[in-house]
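Q: Sequence:
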Amino acid sequence: MTVNYSKKRLFFNLFLGILWFFIGASYLVGEEKLMWHHYGFVVIGLLYLSTFLFEFFKKYFKITSQEIVLFGLKNKKIAFKDLLEIKYFAGDYILKDKNQSINIVKTQIEKNQLEDSENMWNEVKSTFENSTQP
1 MTVNYSKKRL
11 FFNLFLGILW
21 FFIGASYLVG
31 EEKLMWHHYG
41 FVVIGLLYLS
51 TFLFEFFKKY
61 FKITSQEIVL
71 FGLKNKKIAF
81 KDLLEIKYFA
91 GDYILKDKNQ
101 SINIVKTQIE
111 KNQLEDSENM
121 WNEVKSTFEN
131 STQP
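Using the working numbering, read the sequence shown as starting at 1 and increasing by one per residue.
Since the hints were derived computationally from the structure, they do not count as laboratory data.
Mixed in with the good hints there might be a few duds.
[Claimed, not checked] Just the calculated beta-carbon pair ranges, DEER-fashion:
| # | residue 1 | residue 2 | range |
| --- | --- | --- | --- |
| 1 | Phe128 | Val29 | 52 to 60 Å |
| 2 | Gln66 | Phe89 | 19 to 27 Å |
| 3 | Lys8 | Asn122 | 22 to 30 Å |
| 4 | Thr107 | Thr2 | 12 to 20 Å |
| 5 | Thr107 | Lys81 | 25 to 33 Å |
| 6 | Lys98 | Gly72 | 15 to 23 Å |
| 7 | Ser101 | Glu123 | 46 to 54 Å |
| 8 | Asp116 | Ile18 | 30 to 38 Å |
| 9 | Leu73 | Glu129 | 47 to 55 Å |
[Claimed, not checked] Derived pair list, reagent style DSS-like, types lysine-lysine, alpha-carbon separation capped at 25 Å:
| # | residue 1 | residue 2 |
| --- | --- | --- |
| 10 | Lys74 | Lys87 |
| 11 | Lys87 | Lys106 |
| 12 | Lys33 | Lys74 |
| 13 | Lys98 | Lys74 |
| 14 | Lys8 | Lys106 |
Glycine included, every Cβ here is placed at the ideal spot set by N, Cα and C.
With these hints in hand, go ahead and build the complete structure from the sequences.
A: As structure tokens, this is what we get:
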């Protein structure tokens with residue numbers, strides 16, 4: 001199951017990217033004397049737009065029967081057999097193994113996938129609790 005970022009997050013990044021880009025472009029077109037920070041507005045806009053494109057095409061995370069993968073510039077991957085701890089705190093799902101930790105922020109999950117992801121989390125948590133009990 002692959003889970004998308006929420007539309008609110010995606011469109012917020014898109015809006016900020018377009019806004020900063022046009023502010024910077026207006027300085028570049030309208031000003032005779034350009035300062036270094038005028039280029040900075042364009043760079044910030046391009047960074048927001050690239051964040052939007054990255055999150056739109058890369059998705060948030062993927063759960064399979066063997067592992068969970070959190071996508072990013074460096075993907076984080078935890079196999080369910082290596083899990084040491086699963087907890088829910090302040091709207092975040094936190095999974096830990098001996099080497100790393102994965103935080104899944106519930107508010108960043110697409111609303112129409114939220115119920116499915118919660119059902120999946122309940123299955124994972126119950127499986128984890130059953131396997132750790134003596």
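Q: It remains to establish, for every hint, whether it holds in the given structure.
A: Against the structure, the hints:
1. Phe128 / Val29: 52 to 60 Å: holds, 57 Å
2. Gln66 / Phe89: 19 to 27 Å: holds, 25 Å
3. Lys8 / Asn122: 22 to 30 Å: holds, 24 Å
4. Thr107 / Thr2: 12 to 20 Å: Holds - the Cβ-Cβ distance for Thr107 and Thr2, about 18 Å, lies within 12 to 20 Å.
5. Thr107 / Lys81: 25 to 33 Å: Holds, at about 29 Å.
6. Lys98 / Gly72: 15 to 23 Å: holds, 20 Å
7. Ser101 / Glu123: 46 to 54 Å: With Cβ atoms ~21 Å apart, the hint is violated.
8. Asp116 / Ile18: 30 to 38 Å: holds, 31 Å
9. Leu73 / Glu129: 47 to 55 Å: violated, 33 Å
10. Lys74 / Lys87: Between Lys74 and Lys87 the Cα gap is close to 23 Å, so the pair holds against 25 Å.
11. Lys87 / Lys106: Given pair Lys87, Lys106 holds - Cα atoms ~13 Å apart, limit 25 Å.
12. Lys33 / Lys74: violated, 40 Å
13. Lys98 / Lys74: At roughly 18 Å apart (the allowed maximum being 25 Å), Lys74 and Lys98 satisfy the hint.
14. Lys8 / Lys106: holds, 13 Å
The structure is inconsistent with the numbered hints 7, 9, 12, although it conforms to all the rest.
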